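Asker: Chains H, Z, L, U and Y are the protein sequences, given in the same order. Going left to right, the first sequence walks through residues 4 to 155 as my numbering numbers them. Going left to right, the second sequence walks through residues 12 to 451 as my numbering numbers them. Going left to right, the third sequence walks through residues 53 to 672 as my numbering numbers them. Going left to right, the fourth sequence walks through residues 2 to 99 as my numbering numbers them. Going left to right, the fifth sequence walks through residues 1411 to 1883 as my numbering numbers them.
For the record, the hints were derived by calculation from the structure and aren't laboratory data. Keep in mind that this is a model prediction, so the values were computed, not measured. Beta carbons are placed, not taken as given, at the ideal position from N, Cα and C, and that holds for glycine. Be aware that one or more of the hints could be misleading.
To give an idea of the chain Z side of the interface with chain Y (calculated C-beta under 10 angstroms), a few residues [stated by the list, open to error]:
| no. | residue |
| --- | --- |
| 1 | Cys-93 |
| 2 | Leu-189 |
| 3 | Lys-279 |
| 4 | Val-339 |
| 5 | Glu-344 |
| 6 | Pro-370 |
| 7 | Tyr-391 |
Ranges of calculated distance between the beta carbons of each label pair, as one might list FRET restraints [claimed, not checked]:
| no. | chain 1 | residue 1 | chain 2 | residue 2 | range |
| --- | --- | --- | --- | --- | --- |
| 8 | U | Ala-11 | Z | Leu-47 | 14 to 20 angstroms |
| 9 | Y | Pro-1673 | L | Val-624 | 20 to 26 angstroms |
| 10 | L | Arg-611 | Y | Thr-1505 | 42 to 48 angstroms |
| 11 | L | Ile-257 | Y | Gly-1553 | 55 to 61 angstroms |
| 12 | U | Ala-11 | Z | Pro-430 | 51 to 57 angstroms |
| 13 | Y | His-1414 | L | Ile-257 | 52 to 58 angstroms |
| 14 | Z | Pro-310 | H | Leu-111 | 41 to 47 angstroms |
The lines below spell out each chain.
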Amino acid sequence: MAAWIIPLAALAAAVFAALMIFQRTLYGAAICFLAVILQAAALLFGCGAKLLALLLVLIYAGAMAVLIVVSIQTAQRPGTPIWSRSGLPRSLVLAGFLIPLAEAAALLLGLGAPQSAAGAGDLMLGRMLFGPYAIASEAVALLILFAALAVI
Amino acid sequence: MIWLLRPPLELLQPQAVLAVGALCVLAAGASRRVGLGLIKAMAGASVLAALLMLMTTPFWAASPPLLSSDILGWAFQGLFLCAALPLLYLMKPADEIPPALVLASVLGMGLIAVSGNLLMLFIGLEMMSLPAYLLVARSRSPQALEGAVKYFFAGSAAGAIFLMGMALHFAATGALSLEPSTDPLGIAGAFLMIATALFKLGAVPLHFWLPDVYEASDPELTAFFSTGLKAAAVLFLTRLAPLAPPWAMAWAAALTILFGALVALRQKNLQRLLAYSSISHAGFMLLAVAAWMAQGRSPRASLAVFFYLAAYLFMSTGTFLWLKTEGVSEREEMRGLGKARPLSAAALAVLLLSLAGIPPTAGFAAKFLVFWEAFKAGLYVPLILAGLGALVSLGYYLGLIRDMYFEEGTKPLASAPHPARAVVLACAIASILLGLMPWL
Amino acid sequence: MIQIPLAVYLLFLAPLTALAFGFFILRPWKPEWTHIPILISCVVVTISTAFLAAFVYSGHGLDGTLFRWMMAGDWSIVFGVRVDGIGVAVLSMVSLVGALIHFYAAGYMKGDPGFSRFFLFFHLFYLAMIGLLVSNNYVQFYLFWELVGACSYFLIAHWLHKPTARRAALQAFMTNRVGDFGLMLAVLLILARYHNTRFAMLYTIAPGMAPELLALSGFLFFWAAAAKSAQFPLYFWLPDAMEGPTPVSALMHAATMVTAGIFLLVRSWPLIGSVPGLPNFIAAVGAATAIGAALLACTQKDLKRILAYSTVSHLGLMAFALGLGQVAAALFHLVVHGFFKAALFLCAGNVAHGSGKPTVSVDEAGGLKRSLPLTYACFAIAAMSLAGVWPLAGFYSKDAILDAACERGPWAMAAGLAIAMGGALYISRMLFLTFFGPRAEQKPGEHVHEAPLIMILPVALIVVGAFSVGWLGRHFTHLLLSGWPETVPLPVLPELSAKVSGMGLAAMGCGVAISYVLTMRLPSFDWDWRRRHPGLEAAFACDLGWRKVVAWFAAVVVRGADRIGRVFDHEVLDAAIEKSADACQKLSQTGSSLATGSLSDSLWWLMTGAAALLAWAGLR
Amino acid sequence: MNPLVWSASATLFLFGLAALILRRELLAMFLGLELMVLAAVLALGETAARLGDSEGFVAVLLILAIAAAEAVVGLTLILRVHWSGRPPETEALRELKG
Amino acid sequence: MSAHWLTMLWALPAVGGLAALAGGRHSRWVALLVSAGTLIYSFSFPGGAVISSSPTGPFGISYSLACDGLSLSLCWLTAFLTLICVIASWKKDFTPGYWAAFLFLEAALLGVFLARDLLLFFVFWEAVLIPMFFIIGLWGMEGRRKAAMKFFLFTFFGSIFLLIGSIALVTYHHAATGIWTWDMAVLKGPSGRAGLAVFAAMAIGFAVKIPLVPLHTWLPDAHTEAPAAGSVMLAGVLLKMGIYGFVRILWPVFPQLTWQLLPWLGLAASINVIYGALCAMAQNDLKRLIAYSSVAHLGFCLLGILSRTPEGLLGGSIQMINHGLTTGTLFLLVGFLYDRGHRRGLGDYGELFRRAPWMTFFFGFTMLASIGLPGLNGFVGEFMSLLGMARALPIFALLGVVGVTLAAAYSLPAYQAVFWDAPGKGSVSHLVTDLDAREMALLSVMAGLMLLLGLYPGPLLRVMQPFLLGLVP
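Chain H with its partners taken away, still in its complex shape (with noise of 0.2 angstroms):
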């Protein structure tokens, strides 16, 4: 029954991508984008990557995605259609959201079983960050503050 969801997933990840390519409007491209994210959080929650799926949703979905459509807004002319003429029929936009959360939902109640046991990974990952790797997140955190350069 679980082996459904990754299947799934990776399928409407696809579609939604080949949809992004062919959008006439950016705001079609966007929606599409956002809806590919959540395929593959999807799909690592399928994986067992449990906290990676959630950062890829927080991260990815929640910060990046956001910026780039207010990027779009901002960068359109006046007098171009807004989202709601976003070229895209409203029974995608709908099944681009609720398929993930359906999967969501399937995972967390147990129905989907995860591909790997090994969860250990999760949990290592805050020690490792400030371990061992402390000198990669240190050299990463300079290079985001040197990228807020850019602004200015």
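Please build the complex by placing chains Z, L, U and Y on the supplied structure of chain H, with the hints as guidance.
Answerer: The following block gives chains Z, L, U and Y in isolation, referenced to the frame of chain H:
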């Protein structure tokens, strides 16, 4: 004498100094009370301090997961710092951000130098590239933004390819370290990573971003790119060396040399011409690295790689800074400079002859060492193609000298003395002194 | 080291000092006195030659080296002197006749703008000829051989304003150069094989030398002699060389330079004499040249060209004698011919000088007996000596050759007689046409005055020589034998048999008779056939087509050079470089057009590059 | 090595690549870029999960952070193009060529 | 002779060049002084072999110079011709750069002839190109820019192969003997196909300079466009570097290979002789004619050198010196003619013997020397070379002698066209005045030398002998 940091971190002493320097620059800028000149001085001081710290860091050290350095890495760090000095000295920043970005970029290169595994490499790569995009965006030329966008998209695409390669490599070997793997997935991953390295270096099929970026940015920034970034790319390539086949590199090198030299023949804009010439020189560096890899990473060959970059540092910096001091951008403006400004024309002539590889200069000593190593490595046909490439490149170097000396001048140039002129003269003299290296 | 007598040094030093004095001091300061030191040096040379002749006559030979010229390791080429019978015999004739012609030239060339230039080259030629006769190895021989050719070039072209003179000089020099090709190659081959070209050494090892080398060098020597002594293939430059002043023609194209070729063959006869078939070949070519030239001489209009063809004919005769093995006879005839041919040329010079024109054609001469009595007398004696009238020198030398020809066989005898008759024919025709009663067609100059004393005296002295040298036959052979140190046998002058002399005189007689009838008795025979047979006239003008062959060959060489030099070198070799440069430019054009500037294209290239690398990975 | 996930990652990478090359608008290209990074993250994450090796997780986390930094720089540049009056498309950026 | 004497020989003109650059108005005098000083200094060396070398560095490269008979005589030629060039271009008001360029050229040439280390030889070999490039480019005739570029690029093409060949030679030597060395005397080339490849590469480098026929097309352009003094140096010394390269490097390093390749190289040299002569016949520009004649004369040098016999080697070497003098004088004369009539075509002049008798005399004298009239210096070199080749392969001696004959075929008509024939329609012979005192002195010195070397070459041959006799197998 490791007095500052405990063993695992002593490798990072120069980088630490740079990071602190960058933060101080930013802080000084934010406080609005410190003048721009002082900020530039602070940046320059931090680079010099990093150079001093470099003296005290050991050549051979490795702390397992992330860091490992060898003599080549150590020497290249010296090159990166030297490349940044003229830029900091000559740039006229609107505010404190560009000096900080330069320090950030040099920090990124330093990270590549000491990195032990792929993750650290990627971080170093990004740390080096992101400030570079912003520096290009802040250049004064009208197409600066266009250059920055092109540089960004090409750089990020290369980064994405590197990530994919890393993923494949990780899947094949189960670890992010640099040992070569034999199963096809690992090899595919390795080749994707090599593609990124070649992209950064400017090897031919992947070079199309380079001329636009070099033309878009200011001359002193281009000098930094052509010396600093190219050295970092070479180092990046040597780090990935165990994974790559020497013969593919040699053929890519020969193709790069010939293509770079050929296209440069008809360029009208001088910076674009020098961009293609730097692509040709990148081909020579690639040939040197290929020879180094084919000889099982022999120290003599690594000396050839390092010497080529050291010589190229002086030649390229001198040439680009000459463009800045004389304010010349098109090839037509070069006519008659020999009479109008004898001293600077003579300096450029020496630099151009050095770039072409005519004997008494450093360029020749560098090319000679590379030829020698390539022959020892058995790369005969690429060697001959490289020689023909050098011949074609002589075509436009001599063409420039011909325009300067043999044509009648149209521009009445008697420009005011410029601080950079001393740097250009220093580079010219260094080119000749380094040329005597084989006999010293 | 044998002690070299002072006379030998004088042979070289006298002319050298005279030339140096003339060139450095007199030419810039007082050009018209240039001839004075030169005449003095001529006298000194003649005296020292006389001493050397006595030296050799009394049985001494001399072969020593002066200094080392070229050396490499142990091997070296020396500058030496060899005074032997052959050398001295010809040297005495050359120095005596040369000196006299110098005096003649002092008179003839007076007032000529290039007077000092003429005398300097004239004396340099004199020195070269003397050097040639006394040199003791082939390389030194070749040096003077070329120097003689070069001096003849400048002397023939003495009157620079005349285009025909310039063309004749170039033709003369180039033909000599083609001949020298043979001599240089032969000398190189001998030197390469035997490391030494001294005559003394070569004569001693002559029998043991490689036969095919001897054959090749023999033929090459003959080729060189053919050019220098105007034998059949390469004779055409001599008649044109008459463009030069008369003393030049006299000295060079009668007495000295042209005889150098025969002298070369005589010098190397011990080497090439034994080559099977070569002597016969030389004899055949000699005979053919002699007969052909005699025939052509009869049809020439210009006085000096008649004498030029006569010289070619006599040289052919000498070669014929050599071919028959009569080295002494050939040499004797060479000496005798030197005397009477020089005299004939000088008389022609007097005629020209008298009528104020550089050269006189038969149309403008005629009946000069009255206005030029002395010249007429000298000319008559010299002409009869050439024809071979009994007491004169010509008879003895020609008869010696006829004698050898008779022994050889019927063909040789017929050729000898034909040559004798032909010689008599053209020389008497010239005598009658110029000096005897003017014919209707001839228009002699009105006031043709006799030449001054300085020009008549030398002619007279030479004519005395032409008159009396024949009697010295016995002394001549004694001179040859005593001065010949090597053991190689040298055939001696044959004794004159009455029968052969008779036949010779008969042939000469009928020759003179025929020319007398044709020129004096028949009304304007010479001029009639020219008008009635213009084709024949044209054929004789271009030496029965041989000049056309030579002109064609020269044209082929020049056109070939032009096609290679201008077309091939420029269009093919040079163009290869230009085309490769253009190819670079085109490649550069396509290369830069690849960079379209659009971001998607550069990314597309990025991807293809990565894909290519992946494909390479897949292949491995 | 879960074939399904890896094929999804590969398709995502290729579609990202296609978007990057084919689309004219810079923002759409940027989306493609992010898609390629997402594919790499997916592949890395799946292997890390399969091996249970925390090194993979650290790598993924840091890569996400770097991608974010890149996004900041990228979007700033694209918006600068927009504010400079030119439409943010590749056709507007063709001055540098040859 | 302590170590740094030889360095001083080539350093003197180099420093002189710098002084001339700074000399301003007096640079002309500086040039005269320095070139005369160098000539005197070069005569102070004994004929014997003098070797001065610094310790060899890690790569086996050492700064070592040596000077034996052959190098010394070529140094004398260089120093002498430079002095002649300085005096010849005295009147014309050149910028200091001109005098400096000649002194740098002399320094580089002396360096080439003195270098014992292969890499040092290569550095000087290419350093020669830079001053020559500027001399042709800055002070040449109308087409100077193209000719200068063609000259530099063509020779650079050759020297790339020379560089790769030298590197290969040293690497194979290391493979065979295990030591890194760049010393010419020590290096021995590999045998078999590799040896052939290395020999071919280095030979191409030298052949471009000699020039061998297919690679010679830069010579006529460089000569016609170079200034008079530039042509003298170009023909006088630069062409000899190729032959010197063959003798000094290829013969000792590939002793047996050169013997096997004798037929091919001999054929190339003979083609050089015949082709040069035929091309010269087709030219109507005086300088191009002399340039092609140089191609022919250098063919003789090569013929002599190839034969590996004492006569041939010495003949080839002395032919180098003689050709330097003869062709140098010819170019001087053409330069003087060009100064007056500003034209180089054969048809542009006529009957110059009337207006310029002394020029006619000297041109005739030098032309006779160049076609190899015995008694003048042209003959000695050609005869000994052909003699050497006659001992080795007589067929090429035959072709050589044909070349000697053709020499007269192109020189004499040219001489007559300019000095004797009547002037054509657009002739400028009315502008021509006779030589002045300076030119007369210069030419009489050269004529005197030609006559002396023609009649008494003994001393010069003895100086050259030691090294060359060592090469005889």
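Asker: Against each hint, give a clear statement of whether it holds in the structure.
Answerer: Results for each hint:
1. Cys-93: violated, 24 angstroms
2. Leu-189: At 30 angstroms from the nearest chain Y Cβ, Leu-189/Z fails the 10 angstroms test, so the hint is violated.
3. Lys-279: violated, 19 angstroms
4. Val-339: Check failed: Cβ of Val-339/Z comes no nearer than 20 angstroms to chain Y, outside 10 angstroms.
5. Glu-344: Violated - the Cβ of Glu-344/Z stays beyond 10 angstroms from chain Y, reaching only about 18 angstroms at its closest.
6. Pro-370: holds, 4 angstroms
7. Tyr-391: Interface hint status for Tyr-391/Z: holds (9 angstroms vs cutoff 10 angstroms).
8. Ala-11/U to Leu-47/Z: 14 to 20 angstroms: violated, 50 angstroms
9. Pro-1673/Y to Val-624/L: 20 to 26 angstroms: holds, 25 angstroms
10. Arg-611/L to Thr-1505/Y: 42 to 48 angstroms: holds, 46 angstroms
11. Ile-257/L to Gly-1553/Y: 55 to 61 angstroms: holds, 59 angstroms
12. Ala-11/U to Pro-430/Z: 51 to 57 angstroms: holds, 54 angstroms
13. His-1414/Y to Ile-257/L: 52 to 58 angstroms: For His-1414/Y and Ile-257/L the Cβ distance comes to about 55 angstroms; the hint holds.
14. Pro-310/Z to Leu-111/H: 41 to 47 angstroms: violated, 59 angstroms
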